[in-house]
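These protein sequences, in sequence, are chains P and H. For the record, in the first sequence the residue sitting at position 444 is 444 according to this note's numbering, with numbers rising by one throughout. Take any residue in the second sequence, note its place counting from 1, add 1000, and you have its number in this note's numbering.
Just so you know, these hints were derived from the structure itself, not from any lab. Bear in mind that the values here come from a model prediction, so they are computed numbers and not experimental data. Misleading hints may appear alongside valid ones.
Unchecked claim - Keeping only pairs whose Cα atoms sit at most 30 Å apart, straight-line, the calculated DSSO-like set for lysine-lysine is:
| hint | chain 1 | residue 1 | chain 2 | residue 2 |
| --- | --- | --- | --- | --- |
| 1 | H | LYS1037 | P | LYS42 |
| 2 | H | LYS1028 | H | LYS1162 |
| 3 | H | LYS1096 | P | LYS183 |
| 4 | P | LYS183 | H | LYS1037 |
| 5 | H | LYS1098 | P | LYS39 |
| 6 | H | LYS1162 | P | LYS183 |
| 7 | H | LYS1163 | H | LYS1280 |
| 8 | P | LYS183 | H | LYS1125 |
| 9 | P | LYS113 | H | LYS1098 |
| 10 | P | LYS245 | H | LYS1125 |
| 11 | H | LYS1096 | P | LYS42 |
| 12 | H | LYS1125 | P | LYS42 |
| 13 | H | LYS1098 | P | LYS99 |
| 14 | H | LYS1037 | P | LYS164 |
| 15 | H | LYS1096 | P | LYS99 |
| 16 | P | LYS113 | P | LYS68 |
| 17 | H | LYS1125 | P | LYS288 |
| 18 | H | LYS1098 | P | LYS225 |
| 19 | P | LYS183 | H | LYS1149 |
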Amino acid sequence: MKLTQQDIGGEIISIITKGMYSDPKDALREYIQNGIDAKAEKIDIKIRPDRIVIRDNGDGMDKVKMRKSIRVGMSDKNPGKNIGFMGIGLYSSFHLCDKLIIISKIDAEIPNKLEFDFKSMRDILQSQKNKRIEEDSEDQIALLSLLEKHIFFSELSNEDLPSKGTRVEMINLGSNFFQSLTKIDEVSEYLESVIPLPFDPEFSYGKIIEDKIQEFCIAHKSFYKLIDLNLDVNGIERQLFRPYKDADFKKLGPLYPFFKEMNDPEDGFLGITWGCLNKDTAVIKNEKVRGFLIKKNGFTIGNRSDVLPRFNSAKFFNRYVGEFIVLHPKLLPNGPRSDFEFSPLRTKLYASIESIATGFYNKEANIYQEEERAEKDLDDAINYYKEIRSNLEFFEKNGDKLLEFHRKLTMICEDFQKKVDTSWKIRDSRKEDANDIIIKIKSLIQEIQDLISQKKKKKTKKSSKSIITDLVSAPDVSQTTKSEPIPDDLVQLIELIGLNINNELKVILNLLDEKYIQSKAKNEEDYIHTLLQLRKDIEELFEE
Amino acid sequence: MKKKDQFCYTDHARKEVIRKHWCKEQIKILHSTLGKKLIYLGLPGIEGLDILEWIDYLEKVIVFQCSEYKNSKNKTEQFDFVHLTELLENLDKSEKIKTYALFRGFIEDIVIGGFDENGGVFDIKDFVTVYNLDFCNGLTTPRNTRDLKGNIISYFKIDVIKKLVQYQNELCEQCNGKHFIFYMTVHSNFLESNMDEIDSQEITLFRKKFKSVTKGKNTLAVRDLKAYTYFKLAEIFKENSFHFEFLPPIFYQGSEYPNREKGGKLENHWMLTFTILGTKNTTKNDVYQQDMKKYLEDKFVFASNTKFQLFNDAHFPFSENDYTPSAKELLINSYIFKNYWLPLNYDK
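Work out the full structure, taking the sequences as your base and the hints as a guide.
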């Protein structure tokens, strides 16, 4: 079937660009991509009251290349080596501005200029649309004719653009687009999240991550390039970086980054991933960088929330900042850069990401969390030991305190012993500390035990003679206990009755004795009397 | 693009002499002294003639362009703004300047209010090294506008200068900036009542000396303006810890303009251009104290269509100080230059 140029309507350019570039800032990304593909090292974006200028110092375009750049849906670029390859990005500002001017210069040649009158193109399309609605008109301009009439080429002099590279000017932006494009923070945030930028000097692991990525890329002969990007909104300049900073983490900062290759058994190297876990076992403070992004050659695909399901839960995802950098040449992004083009390889990529997310990142975060907890428990124990050690001298005559120390240390000691004996996640570097503290705590328990015993002995010695005399002259009690030994304390009393008690119970009985029996006794005699009465009551209880 | 039939107060022979043979000479010295290109802030007018004249020494320009007829059917100012935008854009494109900032509206509204008429936020992140505030009216002429409640409020040029010098002070450390030249041009019209604001015995004595015997209203007004400007700006520079030194002001006839009140009859205004050298005081000592009496008693520089000479005022019956009216001589013999700028890179 023979087709003519009338078979492709001009409206196609409006439909495609509207669908592909929903955010006006996407046009900035498209022109930056072209700059990177032209081997630019540096790109300046200048946002002025009536225009946006994107200037790169790349190779520039000669007349032939410029002519080719006008093409719609045709591109010379190698999808595996270049960022842009669809042949539509040049028209990304079709709905944004009235005029697009592209000036480009290659070394040793004068610059050339292309001018696109987008406003007139839009006006024609709109008026024909209106006519179709009102009069059932069949007038429709063909794409070729539309472009031919509104694209102008001219030669410039070297004075107009002295250095090589390309300058893109979007002139007379629609006021609604302009509002969002003049907010320096909003534009910076967008560019920092989508463009392959260097790491911020305020992120301490930036250089390490960058070196590692380059190392992987060299090893796998992969293309990955960063760009120096400066944003200038009406004279206020800002150099842009990847959005991660140490301050985004909580007070302890980031943990040394994890790295992992993304591989597929059949297709080989897919890319590399890095992730920095929060040292505090908590979510990343700055919610805008929380989690992972997928990047294709440095440009972001989709957004962070797209990666979250691969982790199964947000718990550990939100404690990381990181990226999955896809480098396989056959994995191509879709037009709006919201995902990769559907392919079996994409399925393999997502499987790989999922496996790394759950089997590596989640696992590492979990181990880290348990290690952190163990470390915290150990530090708490060490601190408690130190506190008691330093306070013991002051409390050695305070029975209540000694008992409290004894009880708590015993609990800690038993708890630690259990942890050490089982699968406690203490880091190797702290294992020695853990064993050491158990020994020290045990020794301290013994010391406290001795102090408690000495204290009781002293009490007993002090008034034993008078107590015995009194007891003999007290017929009601002495008759009952005449042939029985007199207990020193509650524990001895229970033992005299013949009941078996373990160490824990002894501690409890000592506590009860100190707090509720000794403290209520008027004197030693009264105390012994109470014990004897208690013995009588217990024996009666058992007789019943 | 230039509309020849349009009145342009910056485009006449005296202005050109001042731009080329006064300011440019001094800017060249500052550029050489600092060893780098300068940051300009000013009101260049739609033709940007000062910027074009000094372009070899400028790195960045911060520009204000008013659009008085924004809401009327007259599209002149809209045209002016586009014209100035194109001019600046071409300078940027041809790499003559690194970047620029263009604010639309009256400088008083933008600097004090914080926004221009396009909704752009006014902010400065650069230490300005050349100010050229070429006002087309008097220093004390108020700019009336309404606040958010609809009340009429008045801004004065002195408020603008104060704010700009405050920015300058805040940016010294961050931008590693110290030295600057400040040019300001105003109408020589001046109401005597403004002098009530001036609390200076020295100025009062100076005025008493000649007030009763001086012939001619303008003779007195221009000297009052000189004293008033010195007093007001000195306060601002001192408050912000800048050493400052006023060079003798240039007295000249401005462009012919159509006086609306007189049915469009063409008239001339007498103008005064002030030159102030500034340097950040980085010590705990007081800022340099210029001999005000001498400054007030120095003759004016007079700019003709071709040259500068001393202004010998026939209406002023007192002898004033003579000196060589050379922009370069005055600058390199100044206290500021000798004591603060000279140890830098200046190549004689």
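When you check the alpha-carbon spacing of LYS1098(H) and LYS225(P), does it fall within 30 Å? Cα-Cα ~26 Å, so holds.
Do the alpha carbons of LYS1163(H) and LYS1280(H) lie within 30 Å of each other, as the hint requires? This hinted pair holds, its Cα atoms lying about 16 Å apart.
Regarding the pair LYS1125(H) and LYS42(P), is the alpha-carbon distance no greater than 30 Å? Holds. LYS1125(H) to LYS42(P) sits at ~22 Å (cutoff 30 Å).
Are the Cα atoms of LYS113(P) and LYS1098(H) separated by 30 Å or less? holds (21 Å)
Please verify whether LYS1028(H) and LYS1162(H) have alpha carbons no more than 30 Å apart. Between LYS1028(H) and LYS1162(H) the Cα gap is close to 26 Å, so the pair holds against 30 Å.
Check whether the Cα positions of LYS1037(H) and LYS164(P) lie no farther apart than 30 Å. holds (23 Å)
Within a Cα-Cα threshold of 30 Å, do LYS1037(H) and LYS42(P) meet the stated pairing? holds (22 Å)
Are the Cα atoms of LYS1098(H) and LYS39(P) separated by 30 Å or less? holds (22 Å)
30 Å Cα cutoff - pair LYS1096(H), LYS42(P): Given pair LYS1096(H), LYS42(P) holds - Cα atoms ~19 Å apart, limit 30 Å.
Restraint status (C-alpha distance of LYS1096(H) to LYS99(P) at most 30 Å): holds (24 Å)
Would the hint linking LYS183(P) and LYS1037(H) be met if the CA-CA limit is 30 Å? Given that 30 Å is the threshold and the Cα spacing comes to 28 Å, the pair holds.
LYS1098(H) and LYS99(P) were given as a pair; does the straight-line alpha-carbon distance stay at or below 30 Å? holds (23 Å)
Every hint, counting from the list given before, is met by this structure.
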